[in-house]
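Peer 1: One letter stands for each residue in the lines below.
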Amino acid sequence: MQKKIIDFTNLLRKSGVRVSVAESIDAFEALDELSIEDREVFRDALRSTMVKRGDDIPTFDQLFELYWSAFYDSLKDAFEQAGQGLPGDIDLEQLLEQIRQGMQGMEGELDLSELAQALLTQDLSKLEQLIREAAEQAGAGRIENMLQLGFFTRRTMEQMGAEGATQELRDLAQRLRDAGLGDAEVEALMELVNRFAEALRRSVRNYTERELQQQNFDYMERFRRESLLEKSFYNLTEEEIRRMREVVTRLAQRIKNILSIRRRRLKKGKLDLHAMLRRNMAHGGVPFEVIYKQRRKDRPKLVILCDVSSSVANVSRFMLQFVHSLQEAFTKIRSFVFVSELGEVTQLFHDEEINAAIEKALDGGDVINVYTRSNFGHAFHDFWKNHLSAIDKKTTVLVLGDARNNYNDPRAWCLRDIHSKAKNVVWLNPESPSAWGFGDSVMDRYLPHVDVAEECRNLRQLSKVVDRLVL
Amino acid sequence: MFESVDDVIGQLAEQGYIADKSIATVVFLAARLEKPVLVEGPAGVGKTELAKAVSKASGRELVRLQCYEGLDEAKALYEWEYSKQLLYTQILKEKLSETMAGATSLRDAAERVGAEDSVFFSSRFIVPRPLLHAITSDDPSLLLVDEVDKSDPEFEAFLLEVLSDFQVTVPEVGTFEAVRRPFVFLTSNDAREMSDALKRRCLHLYIDFPDEDLELRILDTKVPGIERRLAEELVGVMQRLRKLDLKKTPSISETLDWARALLALNATELDEDLVRETLNVILKYEGDIKKAQSELGRLITRKSEEPAGEAKPRGAAPASPAAPAAPAPGRPTKKGTLH
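Residue numbers (the working numbering), protein chains in the order written: chain H, 1 to 471; chain G, 1 to 339.
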């Protein structure tokens, strides 16, 4: 049992649930206090001692199911089936009882293997234990893919001595016949032995399959979560975009939570005389407690310029969603999208629900014509002409684009003017820095007028940037 | 304190708290292992209630520490009572000058005052705050640290120290050690993830929204006068409501509020008008109310009228708000204003 729990702990760790040594010791102590007959109680005890994050609970539950309950249940199923409908309408219980009595007669010369005994007495927990041990010795834990299923099943069976055990049982049947067991019973027993062998083989195969699932579990699960964070925006499927949206919402929520706590816990400012005198009235005016003025931290103003040409549309999509989910974190957000001409979408975001607004801004010609070729110079000039007044010294300007200008005039001076008026200019480029300035990329021309330029190709990088922006 | 897991369920039920097995198991373990319990879950599922019920069931005094930002040791642990010290100094002035009489040098005077300073820094002038109270009290107590996620990380680190040894050092006086270890509950709404160190020392309990069956039993216990049929309809609506994409998903406390409100209105069954008028009892945001109103027809489908196919996923995933059965019909259009 102990070993089983330690194995399970390792499995949890491999699947990304952090279980410390102290916590697994807790688990053991907890199990000492409880009867582990009740599976639910057993699970709750393990869960409450080992899993401390709400997010990890589903992982735990699935693994628990895989590791503890399901195999025993399937074992039970397999052997119950094997015992049903024996030839000659013989009841399994009665047959086993007869065999037991018969065996008592030849005590001494009988030396059945553990497996054969477990099969005869239908001791399923013993069987489970034997299968686990054999599988471990056969190295079933190293299974990597479906093709190895047959191989490891066979090896486990060999390790367990399944062949020998069935032979022993057949011999036993012979000897029982010699000892005077009825023909019908012997026939039934022979049939039963065959069925047991089959049930055993199925169970072992089942166990190996589970082993494979367990090995792959963390892989699948983590793949789902992590890969979305790491996955490049360039190649997302429809389904992934949908899932990504949820992830973005969750990330935004998390930042919001952190924010609400940090906002109110600012650095202490100057002495607040009024408040201090008042507070210390009780002490006869002696200032025991010192009160400081709370310094107010300005929430940033944000102007976003998003390139929405097809090459970077996904980055823009999530950027917009992110920033607008975080509305409260900024005093004011103004969003613009461009390919060549520039269009403001602030109002759109105000009127429509976020996702609908993004779809509208990105698809078709509702706001701007998206079916042209990118021209950053033109867009910046547009902004310089019409919206420069939107920028003051508290404004952060966020530009999102690959700076692939199709050999048009970059008009970097527009960005220079924007830069000189703004608090800072942040450029997020989905291309890696080594590609900046090559081909039709004019990133190098814009770089002097940008405070921070970052590569932003996946959600993790994006959330890092937003994090820095608001915190 | 408790005999077995079932005993916990029974004793809590006597206090009017319907606990499922996983809650009872954790409470039982916490009592046996003398470990703190960290209770997490959405607002209003009865985290604080659980601590109260356990305190009543075990006959321990409930010491509650409500956490908030800026909560510091002075408010959580102990504080020197400055004004009392001041007052004593003034009253004892004459006595002091007596002591001082005959002092020949400043050094001598300072020595004499120094010899007496334990008078002013003794437990007489300490105001015990919840933590110290829970530790020093002679009778066993139950310490409830409520909404621990709202406190600052610094306070959390300090709490860690207290929870691991159950002792508190006051530099001027000495160390107080717990006579009887208090039973500790920490509750959290997950506004911030607690540090691993704290989590490691606690048993973890996640209380989710209850399933239909449990919610019905809770309703029966807490609102005794309610008719069976109304209760069933009401719980059905709540379960379906939780599957909508709402800003604030209604919880058990809302269910109970609503049941009491309906009882006060002498309602015997739910119809669209009644639900429309009383929605503001369960939903706290304008956008949520609008969304629920647009879904009213689906919300109050009776059990009998429900197509057989729909009944199944409802039982299977009662708590998941994003269950596929409820296509999220877009969020409220006005999500914060642009300035």
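Read the hints as simulated data drawn from the structure, not as lab findings. Yeah, the Cβ is synthetic: ideal placement off N, Cα and C, and Gly gets one too. Treat the hints loosely; a few may be bogus.
[Claimed, not checked] Derived BS3-like pairs: lysine-lysine, alpha-carbon spacing no greater than 30 Å straight-line:
no., chain 1, residue 1, chain 2, residue 2
1, H, K360, G, K75
2, G, K248, H, K293
3, G, K56, H, K464
4, H, K360, H, K293
5, G, K284, G, K150
6, H, K332, G, K84
7, G, K290, G, K21
8, H, K293, H, K270
9, G, K290, H, K360
10, G, K56, G, K290
11, G, K284, H, K332
12, H, K464, G, K247
13, G, K56, H, K332
14, G, K95, H, K464
15, G, K150, H, K270
[Claimed, not checked] To be clear about the criterion: a stretch of chain G counts as covered by chain H if any three or more of its residues have a C-beta under 8 Å from a C-beta of chain H, and this derived list gives those stretches:
no., region
16, 77-90
17, 193-200
18, 204-210
19, 241-251
Peer 1: So which hints don't hold here, by number, going up?
Peer 2: Failing hints, ascending: 1, 2, 3, 4, 6, 7, 10, 13, 14 and 19.
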